[in-house]
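There are 2 protein chains.
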Amino acid sequence: MAKLCENGICTPKGFQASGIHCGIRKNRTKKDLALIYSEVPCNAAATYTLNKVKGAPIAVTKQHLQDGKAQAIICNSGNANTCNANGVEIATQMCALCADALQLASEDIIVASTGVIGEPLSIDPFATHMEELVTKLSYEGGSDACEGIMTTDTFKKEFAVSFLLDGKECHIGGMAKGSGMIHPNMATMLAFLTSDVAISSEMLDEVVHEVVNDTFNMVSVDGDTSTNDMLCMLANGLAGNEVIQEKDAAYAVFKDALMDICTEISRHIAKDGEGASKLLTCQVVHGNDTMTAKKVAKSVITSSLFKAAMFGKDANWGRILCAIGYCDAQFDINCIDVTLQSAYGSMPVCVNGAGCGFDEERAVKLLSEDEIIIFIDMKQGDAKATAWGCDLTYDYVKINGDYRT
Amino acid sequence: MAKLCENGICTPKGFQASGIHCGIRKNRTKKDLALIYSEVPCNAAATYTLNKVKGAPIAVTKQHLQDGKAQAIICNSGNANTCNANGVEIATQMCALCADALQLASEDIIVASTGVIGEPLSIDPFATHMEELVTKLSYEGGSDACEGIMTTDTFKKEFAVSFLLDGKECHIGGMAKGSGMIHPNMATMLAFLTSDVAISSEMLDEVVHEVVNDTFNMVSVDGDTSTNDMLCMLANGLAGNEVIQEKDAAYAVFKDALMDICTEISRHIAKDGEGASKLLTCQVVHGNDTMTAKKVAKSVITSSLFKAAMFGKDANWGRILCAIGYCDAQFDINCIDVTLQSAYGSMPVCVNGAGCGFDEERAVKLLSEDEIIIFIDMKQGDAKATAWGCDLTYDYVKINGDYRT
Numbered sequence: 000m001a002k003l004c005e006n007g008i009c010t011p012k013g014f015q016a017s018g019i020h021c022g023i024r025k026n027r028t029k030k031d032l033a034l035i036y037s038e039v040p041c042n043a044a045a046t047y048t049l050n051k052v053k054g055a056p057i058a059v060t061k062q063h064l065q066d067g068k069a070q071a072i073i074c075n076s077g078n079a080n081t082c083n084a085n086g087v088e089i090a091t092q093m094c095a096l097c098a099d100a101l102q103l104a105s106e107d108i109i110v111a112s113t114g115v116i117g118e119p120l121s122i123d124p125f126a127t128h129m130e131e132l133v134t135k136l137s138y139e140g141g142s143d144a145c146e147g148i149m150t151t152d153t154f155k156k157e158f159a160v161s162f163l164l165d166g167k168e169c170h171i172g173g174m175a176k177g178s179g180m181i182h183p184n185m186a187t188m189l190a191f192l193t194s195d196v197a198i199s200s201e202m203l204d205e206v207v208h209e210v211v212n213d214t215f216n217m218v219s220v221d222g223d224t225s226t227n228d229m230l231c232m233l234a235n236g237l238a239g240n241e242v243i244q245e246k247d248a249a250y251a252v253f254k255d256a257l258m259d260i261c262t263e264i265s266r267h268i269a270k271d272g273e274g275a276s277k278l279l280t281c282q283v284v285h286g287n288d289t290m291t292a293k294k295v296a297k298s299v300i301t302s303s304l305f306k307a308a309m310f311g312k313d314a315n316w317g318r319i320l321c322a323i324g325y326c327d328a329q330f331d332i333n334c335i336d337v338t339l340q341s342a343y344g345s346m347p348v349c350v351n352g353a354g355c356g357f358d359e360e361r362a363v364k365l366l367s368e369d370e371i372i373i374f375i376d377m378k379q380g381d382a383k384a385t386a387w388g389c390d391l392t393y394d395y396v397k398i399n400g401d402y403r404t
Numbered sequence: 000m001a002k003l004c005e006n007g008i009c010t011p012k013g014f015q016a017s018g019i020h021c022g023i024r025k026n027r028t029k030k031d032l033a034l035i036y037s038e039v040p041c042n043a044a045a046t047y048t049l050n051k052v053k054g055a056p057i058a059v060t061k062q063h064l065q066d067g068k069a070q071a072i073i074c075n076s077g078n079a080n081t082c083n084a085n086g087v088e089i090a091t092q093m094c095a096l097c098a099d100a101l102q103l104a105s106e107d108i109i110v111a112s113t114g115v116i117g118e119p120l121s122i123d124p125f126a127t128h129m130e131e132l133v134t135k136l137s138y139e140g141g142s143d144a145c146e147g148i149m150t151t152d153t154f155k156k157e158f159a160v161s162f163l164l165d166g167k168e169c170h171i172g173g174m175a176k177g178s179g180m181i182h183p184n185m186a187t188m189l190a191f192l193t194s195d196v197a198i199s200s201e202m203l204d205e206v207v208h209e210v211v212n213d214t215f216n217m218v219s220v221d222g223d224t225s226t227n228d229m230l231c232m233l234a235n236g237l238a239g240n241e242v243i244q245e246k247d248a249a250y251a252v253f254k255d256a257l258m259d260i261c262t263e264i265s266r267h268i269a270k271d272g273e274g275a276s277k278l279l280t281c282q283v284v285h286g287n288d289t290m291t292a293k294k295v296a297k298s299v300i301t302s303s304l305f306k307a308a309m310f311g312k313d314a315n316w317g318r319i320l321c322a323i324g325y326c327d328a329q330f331d332i333n334c335i336d337v338t339l340q341s342a343y344g345s346m347p348v349c350v351n352g353a354g355c356g357f358d359e360e361r362a363v364k365l366l367s368e369d370e371i372i373i374f375i376d377m378k379q380g381d382a383k384a385t386a387w388g389c390d391l392t393y394d395y396v397k398i399n400g401d402y403r404t
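If you're matching them up, the sequences are chains G and E in order.
Per numbering that gives the first Met the number 0, the very first residue in the first sequence carries number 0; after that it's consecutive.
Per numbering that gives the first Met the number 0, the very first residue in the second sequence carries number 0; after that it's consecutive.
Hints in this document: simulated from the structure, not taken from any laboratory.
Zero decoy hints are in this set.
Same chains, same label: a pair holds when it works inside one copy or across any pair of copies.
The calculated DSS-like cross-link candidates involving lysine-lysine, where the alpha carbons are at most 30 Å apart (straight line), are:
{"#": "1", "residue 1": "Lys-51", "residue 2": "Lys-294"}
{"#": "2", "residue 1": "Lys-29", "residue 2": "Lys-312"}
{"#": "3", "residue 1": "Lys-61", "residue 2": "Lys-378"}
{"#": "4", "residue 1": "Lys-312", "residue 2": "Lys-25"}
{"#": "5", "residue 1": "Lys-254", "residue 2": "Lys-61"}
{"#": "6", "residue 1": "Lys-68", "residue 2": "Lys-167"}
{"#": "7", "residue 1": "Lys-378", "residue 2": "Lys-51"}
{"#": "8", "residue 1": "Lys-364", "residue 2": "Lys-397"}
Hey, can you work out the whole structure from these sequences and the hints?
Below, the structure written as structure tokens:
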């Protein structure tokens with residue numbers, strides 16, 4: 000594993016960031032606008048939601064990333080700029096204002112928005128606060144930027160890792176918002192990654208897609224695939240390594256480091272799912288093939304009944320088997336073993352598809368921990384997969400029964 | 000529409016039923032065993048869950064229905080007889096005991112179970128109570144039988160319709176259990192239908208599958224497809240109509256009547272979804288094709304975020320559009336209009352894929368009713384579909400956080 004280090008998106012060389020309150024959110028103590036800036040041009044790659052309803056910023060960002068280059072990312076919270084008549088116009092103006100202030104071309108700005116769908120977004124808060132946002136850019140601004148994109152998140156998700164390439168110390172930094180409407184498909188929620196690694200835009204695009212499939216796309220909070228999911232990565236090359244241009248050893252090192260940080264962010268997005276009291280990690284081993292292992296893992300952490308049982312510390316393993324059984328893949332259900340694990344200990348609950356009896360009191364203690372692992376041995380191949388989710392709680396209902404007010 | 004009439008499964012000629020407490024459930028005031036009996040042999044058809052984990056009774060019933068004939072249905076609640084080492088043996092013994100008491104062949108008995116998955120089911124309560132169950136058979140026993148299959152249901156679902164074929168008065172009766180783990184695939188929860196119509200077993204099988212696809216398979220309470228879903232219909236021919244042997248006018252009349260009663264049962268299963276406070280009906284019109292219309296309707300009523308918003312009386316139509324957008328079908332999202340309706344009135348919230356502005360106070364009043372219709376005009380074809388669901392409430396979490404204790 001790459002070395003986890005302090006800070007987030009500003010850990011790689013040459014990246015600055017800022018986050019401010021510009022007035023989109025009514026609560027003045029909450030930041031609602033973030034900026035990430037690289038001092039030199041970057042190769043850039045992104046993945047986007049597969050929802051047919053797409054936020055206007057996604058259309059604009061896709062256009063700006065056609066050349067695989069970018070230098071800054073602007074992102075607001077409090078309004079998703081989606082299903083608005085003039086959404087593309089507003090997103091384009093956000094980029095233009097930001098480009099002016101940074102003395103860049105509009106095409107080098109990536110734009111993203113998160114928040115309520117379908118409410119008009121005025122350009123005014125951006126126009127009146129762009130100078131402040133740019134003035135506040137600093138190497139210590141990562142946390143402010145991270146705060147600026149939070150919605151119902153209860154803690155910041157920012158991480159950084161370091162590793163060596165050609166003897167040069169390289170870094171990847173990342174931040175994300177998660178919480179609700181989390182069931183990524185291809186891309187995910189909002190996540191922004193920075194790196195000082197030198198890598199071609201083709202290889203950057205390749206590695207981002209590979210890693211996203213095993214990390215962000217394996218998270219589910221509520222089964223709802225957002226309209227504004229986007230993951231974007233900037234790599235500015237300032238680490239001084241030899242440019243990665245093919246899938247060689249350096250690519251593998253970079254991919255491992257990216258996998259580590261994306262895994263960490265994904266786990267924390269699940270842990271901070273709306274209303275969540277527990278992180279649920281489903282580890283599948285010995286599956287027939289990777290797709291099957293992934294489907295099984297994701298089916299379990301997506302089941303509302305299983306999620307509610309985990310909230311209630313109820314070792315209702317029948318619901319795990321039920322969720323495995325309805326997932327869309329072919330395998331022999333009668334081979335499957337299920338073991339529950341937590342910091343308290345480990346407990347087999349199902350062997351060869353049938354209950355194996357267990358101590359209910361011990362089960363309650365095991366499930367009282369705040370991180371639960373559901374370990375599934377399919378005993379029919381070599382494939383494995385991990386998915387992350389959270390329990391279904393009263394608070395999820397509370398938060399989403401009255402999100403807009 | 001066929002005429003709704005009193006009573007349920009005993010309305011058709013020649014059907015008797017009973018329901019008792021035999022000791023599977025600890026609470027002695029709750030019935031846990033039901034029997035439906037036809038005085039003469041019936042043609043029979045069934046649909047089953049597609050979950051790879053299947054209750055043992057399904058294996059036994061499938062075998063007994065190979066000849067398309069049956070004469071009685073026995074069903075217990077309190078234990079699903081699923082993922083037990085000796086499940087098939089127990090289900091087979093249940094049929095044998097029942098056949099003995101009724102003086103029928105075991106192959107003419109249909110068996111079903113519902114309740115907790117993975118706990119051993121003893122044959123003893125059946126052995127000691129079979130005589131009582133058979134003795135209590137009566138033309139007034141439909142409601143007792145209906146009670147015998149309830150789990151977390153809060154009210155009985157039993158209906159009957161009458162219609163004319165060849166000048167003869169014909170009937171269909173039905174009862175079902177619903178509540179949780181409701182997201183049928185091919186078959187659904189448990190539903191038993193009786194009829195005195197004369198129809199070949201081939202045509203009965205055909206009409207059951209046709210109707211189930213538009214009714215039970217369009218219901219979702221929590222997205223979890225049960226391991227024990229089963230719908231079974233018995234037709235004993237005592238109405239005296241000419242036997243339906245092909246898809247003629249009589250088949251159409253029978254299909255319409257069956258559609259009416261299955262629609263009514265489906266609506267009530269959604270309305271009584273675990274913890275539900277509201278019935279949500281999503282009507283899609285002018286879809287490109289039926290499959291697309293169905294997918295759109297089902298995606299909306301399945302979205303946890305939308306369901307929580309309905310509980311909170313929050314007209315958060317962005318979540319409706321989001322759920323339409325991530326469903327797996329091809330269409331133009333920018334054509335779509337969404338209107339919310341209830342007994343209070345009607346209110347367009349989205350026109351051509353964008354918000355159209357509405358009075359929030361009126362919206363709250365409209366959404367305070369206990370039946371809400373989400374009317375979606377896709378404006379791109381002639382297909383239509385309806386799906387039924389319920390809101391996501393604190394009580395759903397409560398019920399499922401501690402189901403087994």
